[in-house]
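Protein chains in written order, with my numbering: chain V, 818 to 1126; chain C, 818 to 1126.
The reader is advised that the hints may include incorrect statements.
Since copy identity is lost for identical chains, a pair holds within one copy or between any two.
As the list claims (entries may be wrong) - Lysine to any residue pairs mimicking SDA-like chemistry, simulated, CA-CA at most 20 Å apart:
(1) Lys878 x Gly1099
(2) Lys878 x Ala937
(3) Lys956 x Ser837
(4) Lys1028 x Arg1079
(5) Lys1066 x Pro1048
(6) Lys1021 x Asp989
(7) Lys1021 x Glu1078
Bear in mind the hints are in silico, worked out from the structure with no lab data behind them.
Number of protein chains: 2
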Amino acid sequence: MSLAVENPGRGAAAVIGLGSMGFGMAQSLRRAGLDVVGYDVAAAAVERFVAEGGRGARTPKEAAGDADIVVSVVVNAAQTEAVLFGPDGIAEAMKPGAVFVSSATMDPAIARNLSQRLEALGRHYLDAPISGGAARAAKGELTIMASGSAEAFAAARPALDAMAAKVYELGDAAGTGAAFKMINQLLAGVHIAAACEAISFAAKQGLDLQKVYEVITASAGNSWMFENRIPHVLAGDYTPLSAIEIFVKDLGIVQDMARAERYPVPLVAAALQMYLAASGAGMGRDDDSSLARLYAQLSGAALPGIDKA
Amino acid sequence: MSLAVENPGRGAAAVIGLGSMGFGMAQSLRRAGLDVVGYDVAAAAVERFVAEGGRGARTPKEAAGDADIVVSVVVNAAQTEAVLFGPDGIAEAMKPGAVFVSSATMDPAIARNLSQRLEALGRHYLDAPISGGAARAAKGELTIMASGSAEAFAAARPALDAMAAKVYELGDAAGTGAAFKMINQLLAGVHIAAACEAISFAAKQGLDLQKVYEVITASAGNSWMFENRIPHVLAGDYTPLSAIEIFVKDLGIVQDMARAERYPVPLVAAALQMYLAASGAGMGRDDDSSLARLYAQLSGAALPGIDKA
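Start from the sequences and build out the full structure, keeping to the hints where you can.
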C-alpha cells in the first residue's frame, strides 16, 4: 500500500533535482505522507530514490503531470527556466492550479519573470529559496524564505510543512524571497572570506589556531560562518560540504544585481575575486573554506594539513 | 576611611586615561578594594573621578609613583609609548617590580618593543588589550586578551580579576595578546562593513528591514556585529557607541601589519576604504554603523531617519 493511499488528502508531489538537497527534501515529503515522484538528469540519482522506496520518472513532464506540488531543487535560474519553459519544460504539463515551488538561489528579477510567465498559464509559483545543509534537508528542518500569492502558499503548504522547520512568509509576490536569500548570501560569502583571511593571517603570525578559534567565537569578531567553517581549516579537511563554486555563482549574482541597481558592493567584489582565484587555482569543487588554503598559498602561512591539499 | 586601608593587601593601582573605558575600569578596581589613583590629560575627567570618590593625580608620574599596578587605557601605540617613555614618561618613576598593564590596541611588534624596553628597567609589562564596551568596563566584565611573563601576570592579577569577566592567557611574551586582538578587529571591522553593505542594499531593493534583521539573525549570514550594530541603523540613531575612527585606526594597523608581512588582505582593504570614505564625508566621530548611511548616500537607498543624518 502506497503512502499516498494512506494519506490521500496530502496530495501528490514531484521533486525535480535529486541532489544532496533535493533527495532529502523528497524523503521528507514522503515521510509526511505525500505521494512523491522524483526526477533527476542523472539516472543514478533516480535509481537511488527508487531503491529507497520512492517513485521515479524518466522526464520532468512525467514527474510533474499528476502533481499538485512541483518542488524544483536545481542549481540556478537557467536550470529553473529550462525545467519550466525549455524544450521539455513542464509548465503546460502541470495540472491547472498546481504550484511550482522554486528553491534555487537567483536574481529576484528572474524569479519575478518566471512567476509571471507561469501564472499567465494558470499555474501558481512560489519563490522559495532554502537555507540549511543536506542534513537538515533530510530531516525536514530547512529554513525557507518564501514569497508568492496566497493561492501559491495555500497550494504549497503541505510541502512547506514537510520540508521546513521555519518558513518565512516575506510577501505576496515572487522576487522578495529571492531578494532575502541574496542578502543572506552576500553576508555568508563575505563572512567566509573574512574568516579565511583572518585564520591564515593568524597562522602567518604563528598564533595557536585552536586558541584563536576559542577566543574569536567568544568575541565580537564572531560570525556564524567563522564558527561553522574554521573547524574544517583546523582539521585540514576540505571535503566539500558547500563548494567554492556556490559562492562564485551567488556573489556573482549579487554583484550583477548591484551593478544593475547602481549600488556599490566593495566587500562583495573583493570576496568574489578570492572565490574566483580559488576556483582558478583548482579548488572550485572543494569546500568553500578552501579560501584559507588560497591565502596560505599566497603568503606562505602554515595551515594544518596544507601539504595534503 | 579609604578603600585601600580597608583592603591593604590588594595593593595600589594607577589608571592612566579616564575615558569611557578607563573610568569604568578605575571604578571596578576601586570596587575590588584597590587604592586607585586616576590621571587623564583632560582635567575634567580627573575631577569627575574625584567627585565619585576616587583619588586624582596631576601628572602620570604622580599617579604611577606609588602604584603596584599601572593600567594604561589610552588610545593607541603612540600614546602608550608617550606614557612610558615620553618627556613625562613614567617608566623610571614606576616602583621596581611593578607592572604596566597596556590595554591599547596596537601592532604586536610595537607591544614587543615597549615590553622589552620597560623590562630592561626592571618593571613588568603585560600586553592586555581589552574587548567589551563601556558598560562592561564599568561592571568589571571585560574580556582581556593577555600575554606576558609569569611575573607580569602575577603582579597584575588583582587588577585583571577586578576588571574582567574573562582573561585569556595567550602566551609568555608581549605581542601575542596584541596579535589576537588584531585578528578580532580584522573580523569585527569587515563584519560591520558587510552588515552595512547588506542592510543598505536591502533598503535599496525596498525590503522590510525589520524582517531582514529577523531573518538574517536566524540564518547563516549572521554575525555578532550584524546583530549588534544593525539595530542602530533601524533606529536611525548614529550616536557613537564606537566611532568610525576606531576602525580607520584598527584596520589601518591590520593593513600595515599585513603589508609588512607580505600577506594580502583584500577584504580588510575594501572595508578600510569605506571607513575612510565615511570619515572623509564627515562621519568620523559618529557610530561605526554610519557606514550604512554612506552606502545609502552613494546609492539613494532610503534608510530610517536618514534625513536626520
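Within a copy, between copies, both or neither: which one fits lysine 1021 and glutamate 1078 at a CA-CA cutoff of 20 Å? between (39 Å within a copy, 8 Å between copies)
Tell me, please, which holds for lysine 1021 and aspartate 989 at an alpha-carbon limit of 20 Å: within, between, both or neither? between (50 Å within a copy, 19 Å between copies)
If the cutoff is 20 Å on CA atoms, where do lysine 956 and serine 837 land: within, between, both or neither? Let me know, please. Cα proximity of lysine 956 and serine 837: one copy only (12 Å, versus 49 Å across).
Is it within a copy, between copies, both, or neither that the alpha carbon of lysine 1066 lies no farther than 20 Å from that of proline 1048? The answer is neither: 24 Å in one copy and 30 Å across copies each exceed 20 Å.
Is it within a copy, between copies, both, or neither that the alpha carbon of lysine 878 lies no farther than 20 Å from that of glycine 1099? neither (37 Å within a copy, 60 Å between copies)
Between the shortest in-copy and the shortest cross-copy C-alpha distance, which are at most 20 Å for lysine 1028 and arginine 1079: within, between, both, or neither? This pair counts as neither: shortest intra-copy Cα distance 42 Å, inter-copy 24 Å.
If the cut is 20 Å between Cα atoms, do lysine 878 and alanine 937 qualify within a copy, between copies, both or neither? within (19 Å within a copy, 81 Å between copies)
Against the hints set out earlier in the document, violations occur for numbers 1, 4, 5.
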